[in-house]
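*Asks:* Take the sequences, apply the hints, and build the full model.
One line per chain: the protein sequences are D and G, in this order. So in my numbering, spot 198 of the first sequence is number 198, and the numbers just go up one at a time. So in my numbering, spot 47 of the second sequence is number 47, and the numbers just go up one at a time.
Cβ-Cβ distance ranges computed for the label pairs, FRET-style:
| no. | chain 1 | residue 1 | chain 2 | residue 2 | range |
| --- | --- | --- | --- | --- | --- |
| 1 | G | Trp-112 | D | Pro-89 | 39 to 45 Å |
| 2 | G | Trp-48 | D | Pro-488 | 33 to 39 Å |
| 3 | G | Pro-50 | D | Trp-497 | 48 to 54 Å |
| 4 | D | Val-525 | G | Ala-33 | 37 to 43 Å |
| 5 | D | Thr-166 | G | Val-66 | 43 to 49 Å |
| 6 | G | Met-106 | D | Ile-51 | 51 to 57 Å |
| 7 | G | Gln-115 | D | Lys-80 | 42 to 48 Å |
| 8 | D | Phe-155 | G | Met-109 | 38 to 44 Å |
| 9 | D | Ile-30 | G | Val-66 | 40 to 46 Å |
| 10 | D | Trp-497 | G | Thr-117 | 44 to 50 Å |
| 11 | D | Gln-69 | G | Pro-50 | 57 to 63 Å |
| 12 | G | Met-109 | D | Pro-72 | 55 to 61 Å |
| 13 | D | Arg-536 | G | Leu-153 | 54 to 60 Å |
| 14 | G | Gln-115 | D | Gln-69 | 57 to 63 Å |
Restricting the straight-line Cα-Cα distance to at most 27 Å, the calculated cross-link-like pairs of lysine-lysine (BS3-like) are:
| no. | chain 1 | residue 1 | chain 2 | residue 2 |
| --- | --- | --- | --- | --- |
| 15 | G | Lys-190 | G | Lys-119 |
| 16 | G | Lys-119 | D | Lys-182 |
| 17 | D | Lys-222 | G | Lys-18 |
| 18 | D | Lys-534 | D | Lys-40 |
| 19 | D | Lys-83 | D | Lys-494 |
| 20 | D | Lys-541 | D | Lys-28 |
| 21 | D | Lys-596 | D | Lys-578 |
| 22 | G | Lys-18 | D | Lys-216 |
| 23 | D | Lys-40 | D | Lys-28 |
FYI, nobody ran anything at the bench for these hints, they're computed from the structure. Every residue, glycine too, gets a C-beta built ideally from N, C-alpha and C.
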Amino acid sequence: MSAALHLHSEAAGSHEHHGHHKQSFISKYIFSMDHKTIGKQFLITGIVWAIIGGLFSVLFRLQLGYPDQSFPILETIFGKWAKGGQIQPEFYYGLVTIHGTVLVFFVLTAGLSGTFANLLIPLQVGARDMASPFMNMLSYWFFFLAGVVMLASIFVHTGPASGGWTTYPPLSALRQAGDGQKIGTDLWLISMALFIVSSLLGGLNYISTILNMRTKGMSMTKMPLTMWAMFFTAVLGVLSFPVLLSGAILLLFDRNLGTSFYLSDIVINGEILPNEGGSAILYQHLFWFLGHPEVYIILLPAMGMVSEILSVNSRKPIFGYMAMLGSMFAIAILAFLVWAHHMFVTGLNPFLGSVFVLLTLLIAVPSAIKVFNWLTTLWKGNIRFTPATLFAIGFVSLFISGGLTGIFLGNSTIDIHLHDTMFVVAHFHIVMGVASFFGMFAGVYHWFPKMFGRYMNNTIAYIHFWVTMVGAYLIFWPMHYQGLAGMPRRYLDKRGWASFNQFGDVDKMITVVSIIVFAVQLMFVFNFFYSIFKGRKVTTKNPWGANTLEWTTEINPGHGNWEGEIPEVHRWPYDYSKDGRDFIPQTEPVGADESKH
Amino acid sequence: MSVNAINIEPKAKTHPHKFTMWMAIASIIMIFAGLTSAYIVKSNQANWKPVAVPQIFWLSTLAILVSSFTLELAIRSFKQRVMHWYRMMMAITLLLGAGFLLLQWMGFMELWSQQVTFKGSGAGQFLYVIFGVHGLHVLGGVVVLAILLLKALFIKQRSDVVSLQVTGMYWHFVDALWIYLLVFFMLIGK
Numbered sequence: 001m002s003a004a005l006h007l008h009s010e011a012a013g014s015h016e017h018h019g020h021h022k023q024s025f026i027s028k029y030i031f032s033m034d035h036k037t038i039g040k041q042f043l044i045t046g047i048v049w050a051i052i053g054g055l056f057s058v059l060f061r062l063q064l065g066y067p068d069q070s071f072p073i074l075e076t077i078f079g080k081w082a083k084g085g086q087i088q089p090e091f092y093y094g095l096v097t098i099h100g101t102v103l104v105f106f107v108l109t110a111g112l113s114g115t116f117a118n119l120l121i122p123l124q125v126g127a128r129d130m131a132s133p134f135m136n137m138l139s140y141w142f143f144f145l146a147g148v149v150m151l152a153s154i155f156v157h158t159g160p161a162s163g164g165w166t167t168y169p170p171l172s173a174l175r176q177a178g179d180g181q182k183i184g185t186d187l188w189l190i191s192m193a194l195f196i197v198s199s200l201l202g203g204l205n206y207i208s209t210i211l212n213m214r215t216k217g218m219s220m221t222k223m224p225l226t227m228w229a230m231f232f233t234a235v236l237g238v239l240s241f242p243v244l245l246s247g248a249i250l251l252l253f254d255r256n257l258g259t260s261f262y263l264s265d266i267v268i269n270g271e272i273l274p275n276e277g278g279s280a281i282l283y284q285h286l287f288w289f290l291g292h293p294e295v296y297i298i299l300l301p302a303m304g305m306v307s308e309i310l311s312v313n314s315r316k317p318i319f320g321y322m323a324m325l326g327s328m329f330a331i332a333i334l335a336f337l338v339w340a341h342h343m344f345v346t347g348l349n350p351f352l353g354s355v356f357v358l359l360t361l362l363i364a365v366p367s368a369i370k371v372f373n374w375l376t377t378l379w380k381g382n383i384r385f386t387p388a389t390l391f392a393i394g395f396v397s398l399f400i401s402g403g404l405t406g407i408f409l410g411n412s413t414i415d416i417h418l419h420d421t422m423f424v425v426a427h428f429h430i431v432m433g434v435a436s437f438f439g440m441f442a443g444v445y446h447w448f449p450k451m452f453g454r455y456m457n458n459t460i461a462y463i464h465f466w467v468t469m470v471g472a473y474l475i476f477w478p479m480h481y482q483g484l485a486g487m488p489r490r491y492l493d494k495r496g497w498a499s500f501n502q503f504g505d506v507d508k509m510i511t512v513v514s515i516i517v518f519a520v521q522l523m524f525v526f527n528f529f530y531s532i533f534k535g536r537k538v539t540t541k542n543p544w545g546a547n548t549l550e551w552t553t554e555i556n557p558g559h560g561n562w563e564g565e566i567p568e569v570h571r572w573p574y575d576y577s578k579d580g581r582d583f584i585p586q587t588e589p590v591g592a593d594e595s596k597h
Numbered sequence: 001m002s003v004n005a006i007n008i009e010p011k012a013k014t015h016p017h018k019f020t021m022w023m024a025i026a027s028i029i030m031i032f033a034g035l036t037s038a039y040i041v042k043s044n045q046a047n048w049k050p051v052a053v054p055q056i057f058w059l060s061t062l063a064i065l066v067s068s069f070t071l072e073l074a075i076r077s078f079k080q081r082v083m084h085w086y087r088m089m090m091a092i093t094l095l096l097g098a099g100f101l102l103l104q105w106m107g108f109m110e111l112w113s114q115q116v117t118f119k120g121s122g123a124g125q126f127l128y129v130i131f132g133v134h135g136l137h138v139l140g141g142v143v144v145l146a147i148l149l150l151k152a153l154f155i156k157q158r159s160d161v162v163s164l165q166v167t168g169m170y171w172h173f174v175d176a177l178w179i180y181l182l183v184f185f186m187l188i189g190k
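*Replies:* This is the structure:
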């Protein structure tokens with residue numbers, strides 16, 4: 001298939017006119033092959049999905065916080081899904097499933113690495129565009145199509161997929177199991193298949209571009225850490241998404257063609273199914289072989305951008321460049337070796353479990369190296385507390401908090417108690433969800449001037465940061481205690497257990513805070529779109545005083561990025577506060593009497 | 001991509017498109033790594049039903065092996081600008097590719113007639129899925145070959161050698177992948 005794409009790309013190339021002056025609206029903004037425009041398309045689509053996914057979480061938080069209360073307005077909007085103003089069980093599971101899927105894949109994968117890999121890779125390695133701009137455009141449009149199918153699934157009469165974002169069989173393989181397992185799950189699978197194609201096309205391009213199209217002098221170790229992060233992210237994606245695809249193919253066969261790869265000895269509604277010999281655990285292996293690297297697909301871009309933003313804004317070189325690089329490499333390798341820690345309670349051989357425990361806990365080492373390096377980068381720096389810096393520091397905070405609870409969950413013995421409780425929800429939301437969102441916000445605030453030639457409003461940005469930072473901890477911190485007390489996740493209504501009644505007020509508090517935090521995200525969205533048109537204009541090429549190549553282009557670079565020659569690179573990107581100079585761009589040759597870094 | 005073209009510096013070792021194809025191949029290998037490892041796991045469990053691989057698949061092996069050879073000849077004659085020879089070799093490759101798919105289909109039919117259907121989760125069902133997914137990849141290659149051939153027949157403008165070489169890489173890969181899959185089904189889960 002990829003061969004076909006190359007072919008088209010060559011064919012398209014011969015037709016395209018030179019330069020970037022006479023493009024029509026459609027070729028400039030819709031079917032654009034300019035990596036910067038494609039990046040913005042990913043970002044804006046990601047924002048739309050973040051609003052949908054966030055709204056869904058507010059809805060099911062209403063149910064969790066106020067299970068005995070009725071909200072007539074919900075019935076007006078959602079009809080039978082909220083009969084009597086109360087969220088119905090099928091709808092609740094649909095909300096949870098789509099919230100998870102959309103946030104993990106559409107927002108934090110496509111919206112995060114899709115946006116910043118596209119925007120930054122050619123700009124920071126010094127290339128005029130991606131290795132294959134045509135594939136890059138396809139990558140966005142496959143993502144868009146995946147979104148259309150997912151959106152459609154919300155409106156079918158039996159409701160969207162409701163088997164959780166992991167879609168475990170046998171539940172997801174059996175149409176008879178419930179409304180959410182009918183057409184909704186089929187659409188979910190189609191949407192995910194399209195999404196996988198999109199991320200593969202994108203990932204292949206990112207890798208090729210980084211390895212093959214760097215400008216003169218840009219050796220691998222002169223690249224900004226953002227580039228290394230995008231590189232490892234793409235490698236993880238290219239090697240792990242296909243495995244999810246193979247798991248999904250087998251699931252499609254089970255659902256539609258009567259095979260029993262995942263099904264065995266099932267009685268449903270009194271009917272004995274003929275399926276024999278299948279193993280539901282097999283799906284979990286295939287799923288988590290993607291699922292765990294996916295965590296780092298989400299985290300690594302945020303880590304890379306945070307490294308860059310912290311260094312620029314503390315006016316200090318990044319501490320331990322090679323250690324940062326090595327720890328990212330270690331994380332990328334370990335990402336493939338820990339998938340079974342999601343499956344400790346599936347009857348996994350305990351000895352095998354202990355191997356996965358060891359490998360899982362090993363991840364703490366590179367993670368800690370990164371955390372200490374960020375802190376030492378900030379240490380005694382001349383810190384500018386821009387919104388981007390604050391969000392980057394917030395990322396480090398959340399990464400520490402969420403990472404520490406990972407050590408609990410990574411122990412198979414403790415996991416017996418904690419698995420499938422609110423503790424898990426708290427852990428992954430902090431370390432993967434909110435932390436990566438902070439990385440994404442930091443990136444948006446920092447590179448907004450590059451994207452649109454304008455600044456975002458700082459006052460709204462500071463409000464956005466503080467409310468989100470405090471809110472995130474208020475929402476997720478109490479969930480650890482709920483989980484320790486054994487409160488299960490994914491339950492619609494926990495009032496039946498006397499032991500959980502003590503958390504009634506806490507749940508109300510979480511719900512109220514999540515509504516406030518959601519409202520503040522809408523302020524961010526307003527700030528984003530308002531600033532595109534009305535923000536303060538950028539008047540200098542390099543507003544942050546940064547060393548990297550993207551700030552050597554025009555304020556609003558055209559397709560091709562640099563008007564003249566692509567600049568040559570002479571040094572690493574972190575020469576800040578060196579030899580009495582505030583910053584020395586990568587394009588400046590190394591002086592004879594310059595000190596070593 | 002007019003902008004793209006200038007950017008490829010002389011010092012670049014591999015053409016970016018070829019490199020992308022290598023990565024794509026790695027990615028496709030992972031699909032089959034997932035499927036064949038699932039097969040291995042399942043073959044060690046109770047209720048495993050082995051399958052006798054139909055003889056016809058040897059014939060399809062021959063077809064795809066020869067097609068790799070003819071495609072290589074086509075690329076060589078393209079480089080030497082012997083265009084009529086190039087067109088002929090491309091046509092033969094295309095026919096062999098389509099023939100391979102036809103033979104695969106016949107192999108499926110033969111299995112089906114032996115009561116190996118979609119019911120169950122033994123080697124037979126895995127064979128349909130794994131050979132089927134491989135077949136889809138060959139189909140993709142056949143479509144590309146057809147486009148290249150049509151271009152060679154009707155558009156007199158020379159297509160560049162890189163896209164041809166990238167196609168060649170892909171085609172040899174699906175060929176090698178097929179041999180691996182066939183040997184895999186011969187040896188494992190008996």
